[in-house]
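Student: Sequence:
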Amino acid sequence: MTPAPVHFGGERLMLDPAGVLFWPSRRLLCASDLHLEKGSHFAAGGRGFVPPYDTRETLGRLRLALSRWRPERLVLLGDSFHDARGALRLQADDAAALRRLLDGLEVVWVLGNHDPEPPQGMPGAPAHEWRDGAFAFRHQALPDAVSGVEVSGHFHPKATVPTRAGGVTRPCFVADARRLLMPAFGAYTGGLDAGDPAVSGLFPRGARLFLLGRDRLFSMPARRRPPPPPADPLRGRAVAPT
Numbered sequence: 001m002t003p004a005p006v007h008f009g010g011e012r013l014m015l016d017p018a019g020v021l022f023w024p025s026r027r028l029l030c031a032s033d034l035h036l037e038k039g040s041h042f043a044a045g046g047r048g049f050v051p052p053y054d055t056r057e058t059l060g061r062l063r064l065a066l067s068r069w070r071p072e073r074l075v076l077l078g079d080s081f082h083d084a085r086g087a088l089r090l091q092a093d094d095a096a097a098l099r100r101l102l103d104g105l106e107v108v109w110v111l112g113n114h115d116p117e118p119p120q121g122m123p124g125a126p127a128h129e130w131r132d133g134a135f136a137f138r139h140q141a142l143p144d145a146v147s148g149v150e151v152s153g154h155f156h157p158k159a160t161v162p163t164r165a166g167g168v169t170r171p172c173f174v175a176d177a178r179r180l181l182m183p184a185f186g187a188y189t190g191g192l193d194a195g196d197p198a199v200s201g202l203f204p205r206g207a208r209l210f211l212l213g214r215d216r217l218f219s220m221p222a223r224r225r226p227p228p229p230p231a232d233p234l235r236g237r238a239v240a241p242t
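In UniProt numbering, the protein residues as written are 1 to 242.
Just so you know, the hints here were simulated from the structure itself, not pulled from any lab data.
Computed from a predicted structure; not experimentally measured.
For glycine and all other residues, C-beta sits at the position ideal for the given N, C-alpha and C.
Not one of these hints is a red herring.
Cβ pair distances, simulated, as ranges:
| no. | residue 1 | residue 2 | range |
| --- | --- | --- | --- |
| 1 | Ala-177 | Glu-72 | 24 to 34 Å |
| 2 | Asp-215 | Arg-12 | 19 to 29 Å |
| 3 | Arg-216 | Leu-88 | 33 to 43 Å |
| 4 | Gly-206 | Ala-125 | 31 to 41 Å |
| 5 | Met-122 | Arg-208 | 32 to 42 Å |
| 6 | Arg-99 | Tyr-53 | 11 to 21 Å |
| 7 | Ala-92 | Thr-163 | 42 to 52 Å |
| 8 | Pro-162 | Ala-134 | 35 to 45 Å |
| 9 | Gly-121 | Glu-72 | 14 to 24 Å |
| 10 | Pro-221 | Arg-70 | 28 to 38 Å |
| 11 | Glu-72 | Pro-197 | 30 to 40 Å |
Please model the entire structure based on the sequences and the hints provided.
Tutor: What follows is the structure, given as structure tokens:
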């Protein structure tokens, strides 16, 4: 895989096409929104049409990223499990595999909206946000409180690039000079278009997208989604401008 170097706050970071971030000078690997045990969560709720194999696939991808970068610290940016009891539903072999992956690492579990408590029985330290110098790692971006560099997840950003065969939609990183929004890493995670106001509003001066490809990233400027047409006051529905 060919990573893309980016520079924030005087530091060189590497964006990996697998959807992780590596900070070489800190030997730090960061991933966001693994949503482990999402399949078993749906099955427990009577929605068994989702196969419960997401955890194994996600852990396999994490193992490859750890093997490629060999970090000393792993920062997981929240929603690592799909719900507060997700770690308790891990199958024994998956739980053992996760512990092996974390063995010897300094692990930081940044807490998210899906996992407001740290996973039981797993090594590592919980944090509502984790800081290193000018860098703040948190689950959800704080629109009005950016100082230094912010790295966050939560929104599962994705974007569509035109091709000869039609548009191809992929997860993506979203970045400007001081803020980096991570793609979701989990196997069963959907996405929010990077042009949606919830994402584009975090980047009022524009941003750059890095779409995840098989072996490389594809960079393109972010495009804002046009605002919805105004409502027709007579019919109570949206009308397209003429």
